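Residue numbers (my numbering), protein chains in the order written: chain A, 1 to 356; chain B, 1001 to 1356; chain C, 2001 to 2356; chain D, 3001 to 3356.
Worth flagging that the hints you see were computed from the coordinates, not collected in a lab. It should be emphasised that the depicted structure is a prediction, and the values quoted were computed from it without experimental measurement. Wrong hints could be hidden among the right ones.
To give a feel for the contact side, a few chain D residues facing chain C, derived at Cβ under 7 Å [claimed, not checked]:
(1) A3076
(2) Y3164
(3) P3212
(4) S3244
(5) P3245
(6) F3274
(7) K3276
(8) Y3293
(9) G3351
Where a beta carbon is used, it is the ideal one built from N, C-alpha and C, also for glycine.
4 protein chains.
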Amino acid sequence: MEQMKSGISPAVREPRTSGPVRIGVLGCGYWGPNLIRNFAKLRSCEILAVADLDPKRLEPVAWAYPKIKALNSPEALLDQDDIEAVVIVTPVSTHYELAKTALENDKHVLLEKPLAASVKQAEELVRLAEERGKILMVDHTFVYTGAVRKIRQLIETGEFGEIYYYDSVRVNLGLFQRESNVLWDLGPHDFSIMDYLIDEQPIGISAIGAKPVRRGDWAHESVVYVAIHFRSGLLAHFHLNWLSPVKVRRTLIGGSKKMVVYDHLDPDNQLKVFDKGVEVSLGEDLSKVLVQYRTGDMWAPKVDQTEALEIVCKHFIDCVQTGEKPITHGQVGLQIVRLLEAAQESMARHGEVIEL
Amino acid sequence: MEQMKSGISPAVREPRTSGPVRIGVLGCGYWGPNLIRNFAKLRSCEILAVADLDPKRLEPVAWAYPKIKALNSPEALLDQDDIEAVVIVTPVSTHYELAKTALENDKHVLLEKPLAASVKQAEELVRLAEERGKILMVDHTFVYTGAVRKIRQLIETGEFGEIYYYDSVRVNLGLFQRESNVLWDLGPHDFSIMDYLIDEQPIGISAIGAKPVRRGDWAHESVVYVAIHFRSGLLAHFHLNWLSPVKVRRTLIGGSKKMVVYDHLDPDNQLKVFDKGVEVSLGEDLSKVLVQYRTGDMWAPKVDQTEALEIVCKHFIDCVQTGEKPITHGQVGLQIVRLLEAAQESMARHGEVIEL
Amino acid sequence: MEQMKSGISPAVREPRTSGPVRIGVLGCGYWGPNLIRNFAKLRSCEILAVADLDPKRLEPVAWAYPKIKALNSPEALLDQDDIEAVVIVTPVSTHYELAKTALENDKHVLLEKPLAASVKQAEELVRLAEERGKILMVDHTFVYTGAVRKIRQLIETGEFGEIYYYDSVRVNLGLFQRESNVLWDLGPHDFSIMDYLIDEQPIGISAIGAKPVRRGDWAHESVVYVAIHFRSGLLAHFHLNWLSPVKVRRTLIGGSKKMVVYDHLDPDNQLKVFDKGVEVSLGEDLSKVLVQYRTGDMWAPKVDQTEALEIVCKHFIDCVQTGEKPITHGQVGLQIVRLLEAAQESMARHGEVIEL
Amino acid sequence: MEQMKSGISPAVREPRTSGPVRIGVLGCGYWGPNLIRNFAKLRSCEILAVADLDPKRLEPVAWAYPKIKALNSPEALLDQDDIEAVVIVTPVSTHYELAKTALENDKHVLLEKPLAASVKQAEELVRLAEERGKILMVDHTFVYTGAVRKIRQLIETGEFGEIYYYDSVRVNLGLFQRESNVLWDLGPHDFSIMDYLIDEQPIGISAIGAKPVRRGDWAHESVVYVAIHFRSGLLAHFHLNWLSPVKVRRTLIGGSKKMVVYDHLDPDNQLKVFDKGVEVSLGEDLSKVLVQYRTGDMWAPKVDQTEALEIVCKHFIDCVQTGEKPITHGQVGLQIVRLLEAAQESMARHGEVIEL
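So that you can see chain A by itself, here it is in the shape it has in the complex:
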């Protein structure tokens, strides 16, 4: 992961000595099978057990991977001493309890995003992981895509100059979730990408949401706009929408030297770097402002197409083996939950800026 964000923290504990890492997976719904498939390909780990409350969900796993034990309760899995690390792919509301038990049972933990349902829970998990010397990692998948890693590299080399603005759009039709809203569903993706790319700490956040789809008492935000403010004046903005007829996943980053368009859905050119910019100068009598435009070539760097989830799984196992701190470690997961919680609060206050 040499292309990843610099400043990797020192090892959190003594490295493991030998043999494949023995893991268990909690949750076998929509996303779980993807993680199982990727961990199953790694020679550096071995999936001992998978648990889900719903036996039907375990069936295809049991069929495809007869060597993996299928359990009907998470507790049974978490009690298993030979499991060193657990992967939690359950609804957010259960993250805290499951991860807490796992850490208390001295297991390393990889959680599906977001880390937890509240800042308080997230803080507690981070504290516990540090106390126990265990790896705590969040599956912020997009951080591990070739495109996002490439942007990070370009930012680090100073290629873009000063970052002028950051604009992110992630819209599509569905999938509505009963217990969540579009902010908590899609927000972690874009907040974690931004957190990975922008070195500065945000100082405030504001958000506006709409709940056009409702039935009885049920109404969750399905259209949300979030603005994140930085001390330097940098403004990051996010459009999250479950009600768009078209799928858009596009981030614009405007820099003083270069500008980039990251379109996750463009198979050929996920990343386009534009040699475009604006220069402002003052005229002689100071009353005049002159603006000059630069429009040069466009360059679409080749982007590593390795499935990000494969890298996530490998990175987690590597960290367990070496004791290295993951790129998207607990503190990072906590920061994303902070942004989510504050954005939710801002929505309740009609878009008031919440200080961070």
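Go by the hints and put chains B, C and D onto chain A.
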């Protein structure tokens, strides 16, 4: 203009009797020549004079249209008695004075957008036009495009169902303006489209802006996000940006029955109507919410490709001749200025919602 | 498969009585695993064995599907009496021998495209299958896509009017094959789509090819253009290319009433139906020809997104069970090989038209 | 024009001495006004007269350019002694007679493409121009676009390596022409681009056409495919179509080092240069061929957006003034007519290769 918004107001005054309408054009910079070209094609009017303070700008007009008188001062034009109507294509800061004089000299007025630099000025012009019984029209060009007129038609037939949200993006590189910001430059386009399409009156507006490009004391917003709130809960959102490496002019309108994507830059399919939607129902035990998706055909209706400015010019002359109230009459222009002024105020207050 | 081409032939033999169809798969290279994955999902069949000469290729299958017997020789599989049907996913040069043995051993056969390496071989297989009363089917996958089936439906309803021309482009970078050229690699896809869509029989074929990439004695066509002529005057044209930097898979079908663009790579609108056309009339003095254009709406019908290979596998098993003739039965496969062989001959004769 | 093809021929005659070049324009139909508009902007020339048989077509010119004399017969214009150069924008069938008279009257000539209706006529004009020492230039507009000039530059630097193939598609709906077919209408564009870009001389040409739209005796090719063969093995292919529901103007050029996609309709990235390629090597035992792919970055060089017609007009006047040979001089125009005539002959012979 039968496809236009219904509820055309009654004639503001007695219709003219005969002959081509004699007009004068104030301002010959970037946009002026486009208006001159379009008025010159109409047999129902005759351009008597064009005025600009900068003689260089008049040269090409004088060369191409030798019959049109080229004047170096707006006053000279406004004083000319045989001119019945003036077209004002000058910087916003001059709109009020020029339009006021024109109306006081009993001339009909077509103004480039926005109507004026403040609500106060705009109100004054509307009042004056009514008092004098003169046509006051703003060139909100996009309202006259085939695509926008078609959307209006579809909304009127109830094709879209309840409007869930309105999302508009208008971004590109430049053109920076010394005395303006991106809100006042691009906002009038999208606010006027929304005003034309959405029948409900907005109740609040909030906006956030960034001024990354600055030099000395000079700094204007070049990235702006605006949210407009309606009593029904409808949320309209606008992204205006002078610093984007790519040009995007796209509006999403999500309805309960249909959703539309209006992409002004797609030459073949400016309008796409999607038979897509979401339905939410409650489960038997009321604790469960069931969501169903509908994804059907897409339909790209043929859109009238007549140049919108041609329609604008013809509509103005028609209104002068018949006394009919223009689609984008003074009150409409005033409403757009209200939105601009309130959005500007909200930016100064860090995104606070300004009541309308 | 009710949406498929009408005129399904009568059953070729008595239907099977009961139980899942027991199948064997020959070949586990690039495409084999996709067929195994799809057959493995069907409850109406059971994969008893898989054979490949290369033991390394069998490893992942053995790991993922421990119940399937992994064999190192096709003979061992073909000799197995309890196997009723075999799926042949090996290089074309081996198709004839393997399919012949399978049919002689009274097994139903599904072959990867193309059916065989020559017309002679293909004819022999068709004859043999008829003689033995066995199902012989070719995996012309694209015929089973939702988009192609939808086009067929639209043609059958007369929606397009008279077909004016058929233009197909399938270009991308690679995959070069040592023993094949781009005609035999990509041609079967497009020829089989055309064969399925166009009811008329072709009367001639001509082709031109280039072999820019060569090394030593090795040189195969990597850029090929094929024209297929019909008695009615209809012209079908194909561009097949292994050396294109961009991937294009687009078919235009121009009809007198409607025109369709089928873009396999457009995830949202694979099919676009245009209400566009041309009408020619003679002027009064007969010396003048008047041309009128019709440009109306565009309509993108919803297309069934089921993976085509899933339908192929299910259709094969259904045919084995019911005795029904497959859509892409042996005669169809033979016709495609006829086109390939004739096109190859035309290339050798510098594009001379070969009668069919 | 320093970016243009190297090897400019020596001056054809003594340069003119002074003053703006006095020109006349023959033909004021669809394309004529565009040429008039561009010549009118040049200070180095002066349009003295325009002639058209149809007085209605002269009206708008007379109105817009009152200083230009409007004539009802070409002869009147060609007889005018003070006109040094004529621009012929009339139907192809009239090119020969008009250009011949002009050259015989010692005028320089710029002709709309194609140069003439037959090789014989074209040869005669080239001969005459040389005899009289006059400039003879054809308006092969696309040769003067920024994109085509940029490709030429890249080819000259060897950036692409060996040219593997050339594939050109120019399809759209209409405009049908009574006296022409799609080959003679669109072919000159693509043949002239290829002629400008590829240094090698073609040795053969073959073509296939369809005439699906017909009425009474009237039937012209509206779908045509042309292949041009070079001694090196290079194959150039052209798809010309008046019956496509979508507009495509795309050229692929595959080189051994780089590949380029030139999409005339992509406003942002007309030119995309791909660092993609294929390398073939022989295995140790010579029986194996190994193929390796290279897929690197994509680069979209900035392209000069000056209107090509503006460059055409300026280049013609420059050549008249300096005596320099135009880029698209008579011999070039003759070569294009040769290709057209041979392609037409090949169509009549069912695609037989015509030697050049």
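Structure-based check of all given hints:
A distance limit of 7 Å between C-beta atoms decides the matter here; for A3076 (chain D) the minimum to chain C is near 27 Å, and the interface restraint is violated. Against a cut-off of 7 Å between C-beta atoms, the interface hint on Y3164 (chain D) holds, since the closest Cβ of chain C lies about 4 Å away. The criterion of a C-beta within 7 Å of any C-beta in chain C is met by P3212 (chain D), whose closest approach is roughly 4 Å, and the hint holds. Evaluation of the S3244 (chain D) hint against chain C yields a held restraint, the C-beta minimum of about 6 Å falling below 7 Å.
A hinted interface residue such as P3245 (chain D) counts as satisfied when its beta carbon comes closer than 7 Å to some beta carbon of chain C; here the least separation is about 4 Å, so the hint holds. Of the supplied interface hints, the one on F3274 (chain D) holds, with its beta-carbon coming within about 4 Å of a beta-carbon of chain C, less than 7 Å. Restraint check, K3276 (chain D) versus chain C: the minimum CB separation of about 5 Å is within 7 Å; hint holds. Proximity of Y3293 (chain D) to chain C holds as hinted, the smallest CB-CB distance being about 6 Å (cut-off 7 Å).
The interface hint given for G3351 (chain D) holds, since its Cβ lies 5 Å from the closest Cβ of chain C, which is under the 7 Å cut-off.
Of the numbered hints stated above, the single one contradicted by the structure is hint 1.
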